[in-house]
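**Q** Respectively, the protein sequence lines represent chains A and B. Sequence positions in the first sequence follow my numbering and run 1 to 457. Sequence positions in the second sequence follow my numbering and run 1001 to 1488.
Derived from the structure by calculation, the hints contain no laboratory data. Glycine is no exception: its CB is placed at the ideal position from the N, C-alpha and C atoms. Careful: at least some of the hints might be erroneous.
Result set (DSSO-like, lysine-lysine): computed pairs, CA atoms no more than 27 Å apart in a straight line [unchecked claim]:
| hint | chain 1 | residue 1 | chain 2 | residue 2 |
| --- | --- | --- | --- | --- |
| 1 | B | Lys1202 | B | Lys1345 |
| 2 | A | Lys32 | B | Lys1202 |
| 3 | A | Lys381 | B | Lys1032 |
| 4 | B | Lys1156 | B | Lys1099 |
| 5 | B | Lys1290 | A | Lys32 |
| 6 | B | Lys1366 | B | Lys1290 |
Label pairs and their computed distance ranges (CB to CB) [stated by the list, open to error]:
| hint | chain 1 | residue 1 | chain 2 | residue 2 | range |
| --- | --- | --- | --- | --- | --- |
| 7 | A | Glu446 | B | Asn1160 | 56 to 62 Å |
| 8 | A | Glu9 | B | Leu1308 | 27 to 33 Å |
| 9 | B | Pro1015 | A | Glu9 | 57 to 63 Å |
| 10 | A | Arg154 | B | Asp1386 | 19 to 25 Å |
| 11 | A | Pro41 | B | Ala1024 | 49 to 55 Å |
| 12 | B | Thr1452 | A | Glu9 | 32 to 38 Å |
Quick look at which bits of chain A chain B covers, simulated, 3 or more residues with Cβ under 8 Å [to be verified]:
| hint | stretch |
| --- | --- |
| 13 | 97-103 |
| 14 | 168-181 |
| 15 | 191-201 |
| 16 | 420-428 |
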Amino acid sequence: MFVPTTEKERQEMLRTIGVGSFDELVGSIPEKARNPSYRLPKALTEMELARHMEALGAQNRLPLSFLGGGAQEHYIPAAVWAVALRGEFATAYTPYQAEASQGTLQLIYEFQSMVCRLLEMEVANASHYDGASALAEAVNVALLDFDGRNPGRRGAVKKVIFPETLHPHYRATLKTYFHQRADVRLECLPCPDGTLAPSVLAGYVDDSTAAVAASCPNFFGLLEPAGELCRAAHARGALFIACVDPVGMGILAPPGSYGADLAVAEGIGLGIPPSFGGPSLGLVAAKRSLLRKMPGRFCGLTADRDGRRGYVLTLQAREQHIRREKSSSNVCTNQALCATAATIHMALLGPEGLREAAELCYGLSHELASALTDVPGFRLKFGGASFYNEFVLQCPQDASQVQRALLKDDILAGYPLGADYPWLKDCLLVCATETKTRADLRRVAEAARKLPVAAAR
Amino acid sequence: MIQKGEATIFEKSVPQRRAIRFPATEGLPSSKDGLPAEHRRAAPAALPEASELDVVRHYTRLSQLNFSIDTHFYPLGSCTMKYNPKINDQIALGPRFSKLHPLQPDETAQGILEALFRLERALCELCGMDAFTLQPSAGAQGEFVGVLVARAYHQKRGENRTEILIPDSAHGTNPASASLGALTPISVRSNVRGRLDVADFKSRLSPKTALVMLTVPNTLGLFEDDILEIAEAAHRAGALLYMDGANFNALAGLVKPGDLGVDMAHLNLHKTFSTPHGGGGPGAGPLGVKKHLEDFLPVPRVVEEAGLYRLRGDFPLSVGRVRAFFGNVGVLVRAYCYLRRHSAKEFRQISESAILHANYLKALLKPAFEAFVDEPCMHECILQTDPKRMNGVRTMDVAKRLLEYGFYAPTVYFPLIVPEAMMLEPTETESKQSLDEFARAMLAIAEEARMTPERVKAAPQSLPVKRLDEVGAARNPDLSWPGRVPSA
Ligand SMILES: Cc1ncc(COP(=O)(O)O)c(C=O)c1O
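Sequences are here, hints too, so could you generate the full structure?
**A** As structure tokens, this is what we get:
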């Protein structure tokens, strides 16, 4: 327990309050609900807790992993959390009192600036929950913008189009966010070739389309023709939302360069450990014209009474605490500490470090693809297409079985795609980032070669 | 201590300077050869160029411009700024938890799944609920999921209920979450005792009411003493009762929401369960439900089957996924650690101390600041500044002057129904000495307001910045440092 109050102090406080007993303070709680019985384990000391968690931790395995699927593993410099975990950052809250929160505020301002530069977008917010919910919020911005531009159509059905190559969990999240909205229809386009052809998209986009969302690289690691998709969306007045890999931005064309109206990303590659999926970091950026419809907090640079530079939370008139039910988003608590880590991480990498990391991702994953496709029975599912750090590997048998077999060698070879894409039951999604060495790549290729199915060919 | 102003990292940047380098790529396939031109980045991302020391010093200095729990008493009401035990950070960031990939097969992640499973069970026990989802990323997302669950429940029963009743004292996320879930929020008045006006409430209940969303204790720090009657009326009308449990720090170990007729409740683990607030997040807003709502919870869910913990997604009535992966797991691990440090009896002592401390602080401040409702409060109290009695000094001025005395300010101007509101939540982890010192500062400020009001109105003078031009900031938003971004 972390209560410092002694029994003597407790009595003094009760006297000062002017009550004879504590129960007089909680008289408004219905008698029959008071003092229930609980079945909870006994309290552990700090040392016992450490032991208990060590035992639980030992039940978690950390095989040599080639899992990506929206949570790629990246190196985190030691300085990132040494600084981010300082109590002054970690144990402060939303910087409501600007004068006593300039550290967090300036940091958020720098975060917004770095995200803008990374994505070449004009404005970025102070963070959202994760990549998938960030995408849902971006879609919401596009819907609001569509209503604003088409006042006569209010209430009529608006379409949001995305390819099946968008992360399956992101698609599921969109469905959750919008399935109760009678005025929104989500349309998922099949992509048998692994990417969405602009001519196919053009056949679906019409005047009722509020947004087209696509990820580049997509869930299969392939590079979508994002620029052409963006133009196809714009041709009918729809906004284009790009979902990107922030580390990939070291070498890949940023969404701003091909005209995306909104860009979102999962930021855990920027100094945040995967932690079984969270805490995560949703990045949301946009063209400046969409600023007042954006979700979440913004930090702005301003001046104090003496003209000295200072930072404040700004544009709060959009937010739930002021606009309540008319607010475009309900977000309040965001992912600030993850944004803190990401800011420090980006500053440590700099333009060259980010480029090197992305280039290693490209190089190692391509080397891995060659090594694995050298093994008889294995081939690239989408052979001709360009990929970044992840690829779809077609296996000689059910991919879950391959995954399980390689796990015996303490290797997590990838993510079996069959559960999300029944037509890809024999495919593994395989990823290599800068965290892997060439020896690691050899190890998985050799293990694959020894699989009974491969050997049989 | 605090320094004056700090240049941005972009101003400190020096071309070609480096911190982190990665191994050479010799012999590996190169993007220059393989990546089509249309996919290639034209110019490197304009990130700062700095040495490791530059970066560490810059952000360490920035951190020193903050007030925080570790450095200051931080009585920010509705936020439960209690001490965050260090061991929890250490455990959550240890490799056996932090390096786990969200798509790992269940059998390689038994430790984390067991921790999550046990956390769910313990939250059920503390709340008197039958099932919990740990997925919501923060309180607001928990509310949103609750709204979706309510909609799905009514639709399954063939009813299309479209309204939600929310007290006018509610936190802004409540009505915003309702709108996001396509329910129409109907505001219900509070009475002079700061509780929901039951007559007004009953007049607004109708066959269209899907959900009643009540904050307990409410945002005035008061227990809704008519809750049993409210629950009964809601249920009789066919509606569900939702409890915003952001203020659960007053109830853990004392009362089970499930015993009050509540059908579902979210908790803010970054409040009651002491996970660090991180300068604004991350948090976690798990949602607990009674049996009749369990089938609608988001996927995936943690289940135990034949001694194996598994993540299962096949729940046909589920409202679906609310985020890409399981939740803010690192936050959940910290909350689990906190939970295991306390027995039920200790949770009760925590709640009682939180309540005791709030009432004590209120008693000390009574000579100078009016209590909005003059009754014992729960874990926080709402006081008001009376500008007429204080030479025009307002709550904002008191807040700014407090900073100079070395205390973070209470939550101000919330709830919206209380003029000049100050919401103070001292929490159970502050000592009597810090409460006494804080009260002395508040009384001194009240005295200053009488003798030298200009001094209070001009505060702060001794912090890194004086009062900032917020109007200018909003009118002409400067949201990023100029640099290589396309111009508008
Ligand atoms: C009463 C109440 N409800 C809801 C919320 C929203 O929670 P969160 O900020 O975690 O989204 C808060 C806190 O900010 C709150 O105080």
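**Q** Look at each hint and say if it fits the structure.
**A** Tested hints:
In summary, the hint linking Lys1202 (chain B) to Lys1345 (chain B) is not supported, as the alpha carbons are separated by about 37 Å, beyond the 27 Å threshold. Restraint check for Lys32 (chain A) and Lys1202 (chain B): satisfied, since their Cα atoms lie roughly 23 Å apart, inside the 27 Å limit. This hinted pair checks out: Lys381 (chain A) and Lys1032 (chain B) have alpha carbons roughly 23 Å apart, not beyond 27 Å. Of the supplied pair hints, the one linking Lys1156 (chain B) and Lys1099 (chain B) is violated, its CA atoms being roughly 40 Å apart against a limit of 27 Å.
Taken as a hint, the Lys1290 (chain B) and Lys32 (chain A) pair is honoured in the structure, with Cα atoms around 19 Å apart against an allowance of 27 Å. Between Lys1366 (chain B) and Lys1290 (chain B) the CA atoms are separated by roughly 41 Å; this puts the pair beyond 27 Å, and the hint is violated. Between Glu446 (chain A) and Asn1160 (chain B) the CB atoms are about 60 Å apart, so this pair conforms to the stated range of 56 to 62 Å. Separated by about 49 Å at the C-beta atoms, Glu9 (chain A) and Leu1308 (chain B) break the suggested range of 27 to 33 Å.
Between Pro1015 (chain B) and Glu9 (chain A) the C-beta distance comes to about 59 Å, which sits within the given range of 57 to 63 Å. Restraint check, Arg154 (chain A) to Asp1386 (chain B): a C-beta distance of roughly 45 Å breaks the suggested window 19 to 25 Å. At about 52 Å, the beta-carbon gap between Pro41 (chain A) and Ala1024 (chain B) stays in the expected band of 49 to 55 Å. In this structure the supplied range 32 to 38 Å holds for Thr1452 (chain B) paired with Glu9 (chain A), their Cβ-Cβ distance being about 34 Å.
Under a criterion of three residues with beta carbons nearer than 8 Å to beta carbons of chain B, the stated coverage of the stretch 97-103 of chain A is upheld, 7 such residues being counted. Here's how the stretch 168-181 of chain A fares: 10 of its residues keep a CB closer than 8 Å to some CB of chain B, so the rule of at least three is met and the hint holds. Chain B is given as covering the stretch 191-201 of chain A, and this is violated because 0 residues of the stretch bring a CB closer than 8 Å to a CB of that chain, at least three being needed. Requiring three or more residues with a Cβ within less than 8 Å of a Cβ of chain B, the coverage given for the stretch 420-428 of chain A is violated, as only 0 such residues are present.
Of the numbered hints listed earlier, those contradicted by the structure are 1, 4, 6, 8, 10, 15 and 16.
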